[in-house]
Every structure is written in C-alpha cells, then in structure tokens.
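*Asks:* Taken in sequence, the protein lines are chains A and X.
Going by this note's numbering, the letters in the first sequence line up with residues 1 to 118, in that order.
Going by this note's numbering, the letters in the second sequence line up with residues 1 to 112, in that order.
If you are wondering where the hints come from, they were derived from the structure by calculation, not from laboratory data.
Warning: the hint list may mix true and false statements.
[Unchecked claim] Computed list of lysine-lysine pairs in BS3-like fashion (alpha-carbon distance at most 25 Å, straight line):
1. Lys70(X) / Lys56(X)
2. Lys42(X) / Lys20(A)
3. Lys111(X) / Lys41(A)
4. Lys64(A) / Lys20(A)
5. Lys14(A) / Lys42(X)
[Stated by the list, open to error] Label-pair ranges, simulated between beta-carbon atoms:
6. Asp65(A) / Glu15(X): 28 to 34 Å
7. Gln80(X) / Ser54(A): 40 to 46 Å
8. Ser15(A) / Tyr71(X): 41 to 47 Å
9. Val3(A) / Gln80(X): 33 to 39 Å
10. Glu15(X) / Lys14(A): 44 to 50 Å
11. Ser26(X) / Leu118(A): 24 to 30 Å
12. Pro81(X) / Ser116(A): 28 to 34 Å
13. Gln42(A) / Ser52(X): 25 to 31 Å
14. Ser68(X) / Thr17(A): 49 to 55 Å
[Unchecked claim] To spell it out: a stretch of chain A is covered by chain X in this simulated footprint if at least three of its residues, at any positions, have a beta carbon under 8 Å from a beta carbon of chain X; those stretches are:
15. 42 to 52
16. 108 to 118
Using N, Cα and C, we set each Cβ at its ideal position, and we do this for glycine too.
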Amino acid sequence: GAVVSQHPSRVICKSGTSVKIECRSLDFQATTMFWYRQFPKQSLMLMATSNEGSKATYEQGVEKDKFLINHASLTLSTLTVTSAHPEDSSFYICSARDRSSGSNQPQHFGDGTRLSIL
Amino acid sequence: QKEVEQDPGPLSVPEGAIVSLNCTYSNSAFQYFMWYRQYSRKGPELLMYTYSSGNKEDGRFTAQVDKSSKYISLFIRDSQPSDSATYLCAITLGYNNNDMRFGAGTRLTVKP
Chain A
1 GAVVSQHPSR
11 VICKSGTSVK
21 IECRSLDFQA
31 TTMFWYRQFP
41 KQSLMLMATS
51 NEGSKATYEQ
61 GVEKDKFLIN
71 HASLTLSTLT
81 VTSAHPEDSS
91 FYICSARDRS
101 SGSNQPQHFG
111 DGTRLSIL
Chain X
1 QKEVEQDPGP
11 LSVPEGAIVS
21 LNCTYSNSAF
31 QYFMWYRQYS
41 RKGPELLMYT
51 YSSGNKEDGR
61 FTAQVDKSSK
71 YISLFIRDSQ
81 PSDSATYLCA
91 ITLGYNNNDM
101 RFGAGTRLTV
111 KP
C-alpha cells in the first residue's frame, strides 16, 4: 500500500528556533501533498496544499511566511516553521495522493510530527 | 453550522459488540466519503472509501452512505480491543480531492 513517511516524529525546541519537517512518499509519486495541523481532541485542519514545482496554496488564516513549504520533487515536501513560538506547538501531519491513481483517490497520511516549543 | 458534524464521544463498548459511528454533513455537493482510523500519536489510516449511497463492506467494517439524508456511518462488527482508536469521517467534493473536510473524530474504546 501507499506509504508516507514523516520525519521527525517529535521535536522539542526553544522559542525562536526554526523547525523543518519532511514528508516523503516512499513507494509512489505525489504531485500534490497536504499539510495539516491537529490540536488535542480536535480534527485535522488543512494548512496548505503543496504542489510539486510550484508555490503552495495556503488556507485562509495560515501565514505563508511563518509556514514555509517546499515541494522540490515528486516524493518530498518540507514544512518549515520559522521562528517558532509556544503557540505553534501542535501535531503536524502531512498527506499525499498517488499521482498514478487518478484525481479521485484518497489521501494517505504520514504519522505526524509532534512539535513542542518551550 | 459545521460542514461535517461528528459526535466526539468518547464511546466505550465491550469486546464483541457492534459499534456504530456516524457523521452528518451539510453540503449535498460532497460526493466522496471516507473513514480514517487514528491511533494515539499516529497519523490517520484509511479504512473505507466510497462515493455512492448504500453499503460497502470490508471484513468487519461496513460503511454506509445516505446522500438523501446527508448521513454516513461506519459499523464495526465483533469489535476488538485493537479497534480502540479515534475514527474520523472525511468528505470531499470529489473532483480533485484537495478540499477534504474532516469530522472531529469519535474516540472509541473496546474493553476486553
């Protein structure tokens, strides 16, 4: 089955640090990847859609300068939380859709990154 | 009104029970329906995926969609402790699947 790998799984760092999270599709190519944020006991909220070779599309209210997204290849997208502050602490999850399976196929999720800013 | 409503629970059942999880949605334009299972501190795992009204069965899991009522369900038969997780319903308009909307998730505990 489609496997999405996300790294790191856990980050604890000081306020003001920039943190990079990687999302890789291991056995398929993903033209589009998605970044979500999930607070405790709440559902996933889409932050941005990452398209290979072009700029990401951000959801309303998400600061593009704060959450930098790079989708340099068909198997890798990165999310960088710049100058992170405690309010950025959350569970960040990426997902990807198999490029070869058509546009109406579901997204496959990574295992998430738990970010804690002290 | 939220686009997708899902009772967050928690729901606790004994092992072997039939579990019924439900979501309602507000926009009849949504055409594709999914159920994801999420274990603690893990990403969601796709369980079921359907785009038509009616039932779809996969082992102990049955997904049911009623587009006329805008109501979707997931049934788990012979529930096991390993089924303990949060279950998320998700819907999309369908064409490009980029605008997936998730329910809040129902936390299920199956007690041995």
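*Asks:* Honestly, do Gln42(A) and Ser52(X) meet the 25 to 31 Å range at C-beta?
*Replies:* With Cβ atoms ~30 Å apart, the hint holds.
*Asks:* Please test the hint of 33 to 39 Å on the beta carbon pair from Val3(A) and Gln80(X).
*Replies:* violated, 24 Å
*Asks:* Need the status of pair Lys111(X), Lys41(A): alpha-carbon distance at most 25 Å?
*Replies:* holds, 21 Å
*Asks:* At least three residues with a C-beta closer than 8 Å to a C-beta of chain X: is that true for the stretch 42 to 52 of chain A?
*Replies:* holds (count 5)
*Asks:* If you draw a straight line from the CA of Lys64(A) to the CA of Lys20(A), is it 25 Å or shorter?
*Replies:* With Cα atoms ~14 Å apart, Lys64(A) and Lys20(A) stay inside 25 Å; holds.
*Asks:* How does the Cβ-Cβ distance of Glu15(X) and Lys14(A) compare with 44 to 50 Å: does it lie in that range?
*Replies:* holds, 45 Å
*Asks:* Does the Cβ-Cβ separation between Ser26(X) and Leu118(A) fall within 24 to 30 Å?
*Replies:* At 40 Å between Cβs, range violated.
*Asks:* Given the hint of 49 to 55 Å, is the C-beta distance from Ser68(X) to Thr17(A) inside that range or not?
*Replies:* Taking Cβ atoms as reference, Ser68(X) and Thr17(A) lie about 52 Å apart, which means the hint holds.
*Asks:* Should the hint that Pro81(X) and Ser116(A) are 28 to 34 Å apart at their CB atoms be regarded as holding?
*Replies:* holds, 30 Å
*Asks:* If you draw a straight line from the CA of Lys70(X) to the CA of Lys56(X), is it 25 Å or shorter?
*Replies:* Holds, because 16 Å separates the two Cα atoms, which is no more than 25 Å.
*Asks:* Taking the beta carbons of Asp65(A) and Glu15(X), is their distance inside 28 to 34 Å?
*Replies:* Hint violated: Cβ distance 50 Å, outside 28 to 34 Å.
*Asks:* Just to be sure I understand the hint, the distance between the Cβ atoms of Gln80(X) and Ser54(A) should be within 40 to 46 Å; is that true here?
*Replies:* holds, 44 Å
Hints 6, 9 and 11, counting from the list given before, are not met by this structure.
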